[in-house]
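**Q** As a plain string of letters, each chain reads:
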Amino acid sequence: MALTVGFTFLLALYSCFKLDNNLYNPNANEISEYRLNDYTGEVEITVGDEYNIPVDNTHLFTLDNDGKAIYALYVGNLNTIESDTVILYCHGNKDHLDFYWPRIKLLANTGHKNRYGILSIDYQGYGLSEGTPSEENLYSDVATALNWLKDKGVSNDRLVLYGFSLGSAPAVYHSYGGSTISSPLTASKLILESPFASADVLVQDGAVIAMPKEFLTDLSINNAERIKDVSQPLLLFHGVSDDFLAMKTHGELVYKNHTGDKKALRIPDAKHDDVPFVMGYDDYLKEIHDFIVKKP
Amino acid sequence: MIKIKAENGIPMRQMLRTSLAVTILSIYACSPTRYVVPLEKGEKEVTAHFGGPMVNFAGASIPIPLTTVGYGQGLGNGFTAFGDLHITAATFGVFQTELGLSKTWFNSESKSWGFTASPRLNFAMEFSEFRTKLWPQLDGTLFKQIGSDRYIYGGYSGWFELAGTRAHGEPQPNQVLNNVHLGILLPTKARKYSYQFELKYIALGIDNQYMAPSYVSAGNSGAFGIYFNLKRKLTWGE
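Line by line, the protein sequences are chains A and B. FYI, our numbering numbers position 125 of the first sequence as 558, with every residue one higher than the one before it. FYI, our numbering numbers position 73 of the second sequence as 251, with every residue one higher than the one before it.
In short, the hints are calculated from the structure, not lab data. Heads up, none of these hints are tricks.
Stretches of chain B that chain A covers, calculated by requiring three or more beta carbons in the stretch to come under 8 Å of a beta carbon on chain A: (1) 262-271; (2) 335-343; (3) 349-356; (4) 379-387.
Simulated crosslink set (SDA-like; lysine to any residue; CA at most 20 Å straight-line): (5) A:Lys681 x B:Asn352; (6) A:Lys704 x B:Gly397; (7) A:Lys661 x B:Pro349; (8) B:Lys411 x A:Val438; (9) A:Lys583 x A:Leu493; (10) B:Lys222 x A:Thr437; (11) B:Lys281 x B:Leu299; (12) A:Lys661 x B:His346; (13) B:Lys370 x A:Met434; (14) B:Lys411 x A:Ala435; (15) A:Lys696 x A:Tyr714; (16) B:Lys370 x B:Arg328; (17) B:Lys411 x B:Phe257; (18) B:Lys222 x B:Val247; (19) A:Lys704 x B:Asn234; (20) A:Lys546 x A:Gly713; (21) A:Lys689 x B:His346; (22) B:Lys219 x B:Ser288; (23) B:Lys289 x B:Lys322.
By construction, the Cβ of each residue, glycine as well, lies at the ideal position given by its N, Cα and C atoms.
Full structure from sequences and hints, please.
**A** As structure tokens, then:
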């Protein structure tokens with residue numbers, strides 16, 4: 434019996450299995466090139482041809498993050514980016530820019546077609562971006578994207594950060610003042626859709642009891658606390674029927690803890706990733722546009 | 179009617195749901211009821227438990243393969259002391275153990291019926307931040323002998339959350355998790371070994387719709403669990 438106790442103790446002490454890697458789903462549908470409109474694999478949402486973007490306004494390129502190539506997609510006119518308002522869209526944990534291309538196109542129709550520039554990246558390990566997904570790399574990759582925007586002349590007052598699901602982590606991280614990875618730009622407004630509250634809430638929702646997250650994960654995603662230091666206006670979307678990140682424990686908590694100007698849209702019957710579809714694309718885009726143009 | 183929660187066909191979310199379920203529940207108890215029938219004074223036994231709550235994974239409903247090993251010793255007068263180690267929890271870097279004492283009352287000299295109460299204490303600790311958790315549990319089980327060393331049983335198990343708040347200071351909504359179980363104890367021919375099959379319903383009344391693990395449940399709350407327990411006597415009673 435003593436041997437069994439000792440074995441179990443040592444197994445626990447030296448074990449390295451955690452939930453963390455299961456959070457990232459970089460290539461459920463692998464690609465060898467980005468095909469955008471010609472992509473025939475699974476996509477997050479489908480949009481009609483009326484949302485198509487002129488080819489001249491679609492720019493695929495790579496950024497360099499400490500030697501790792503990060504693929505980026507800018508939708509808009511690069512000649513006017515200095516004076517445009519840009520939405521940096523931080524996508525979720527699944528797949529790549531082809532998967533999110535319809536969403537990016539949809540966002541590019543906010544206000545009217547190409548009213549705003551849209552930048553999105555594939556995090557390390559996602560799509561064709563090099564590297565391995567990790568929480569720190571999420572933050573660092575988005576910092577790289579912000580650097581690019583800054584180099585192009587985008588300023589804080591014309592930047593909106595939008596985080597969907599996993600993307601809410603880097604979006605909040607680069608909006609609050611305590612980040613250890615420096616944020617080259619600080620967005621003037623923040624949009625969150627189906628956000629995580631924290632790794633703690635994720636674990637405790639599944640456990641039903643107040644189990645420490647350290648039992649299962651080393652993730653330090655903590656939007657619920659970081660949002661307290663975000664003074665920028667917040668627009669939050671969350672599906673009432675979200676059965677992955679429950680609105681009541683995730684979205685509502687993030688919303689509650691934000692103390693600045695804010696608006697929450699709780700979408701009945703919407704689940705985790707169909708909020709725009711259930712809302713209706715016109716209504717969804719109108720909410721975003723109204724939020725962006727609203728004067729403080 | 180048993181409802182299988184429909185998956186939305188996204189394999190990775192299934193993986194995360196199942197991983198969450200495996201890891202959460204490997205830590206959070208989910209073993210069969212211990213020592214429904216007490217050990218005789220001086221009797222010693224080792225046990226191995228397999229099984230867990232049912233989850234949806236890759237289109238199938240499967241019990242989470244949790245593993246626990248344990249030891250029990252009869253103290254006489256219907257008392258059995260026992261302790262367990264959770265092997266699956268250990269693979270996730272959590273040292274988890276439980277210590278308990280069961281007391282059985284029989285209806286008569288024939289011992290054809292009985293009731294066992296088993297309070298126990300669960301303890302878990304992880305080694306990155308040395309966070310710990312303690313939670314008491316109380317089982318009450320009625321059993322009936324149906325043959326030589328064969329028993330059927332059914333009862334209730336309550337898991338108690340001592341913390342009043344959860345993450346970010348939010349109120350802890352559930353202080354007691356209520357579970358029920360039905361099972362059967364069967365000997366082998368050699369009598370040195372016996373085994374136990376148990377069906378549990380875990381977290382009665384707790385809404386499971388909006389949590390990442392995808393449990394198999396009747397309706398939108400709780401989860402079914404299936405368990406198998408193998409026992410081996412080390413020494414016989416006086």
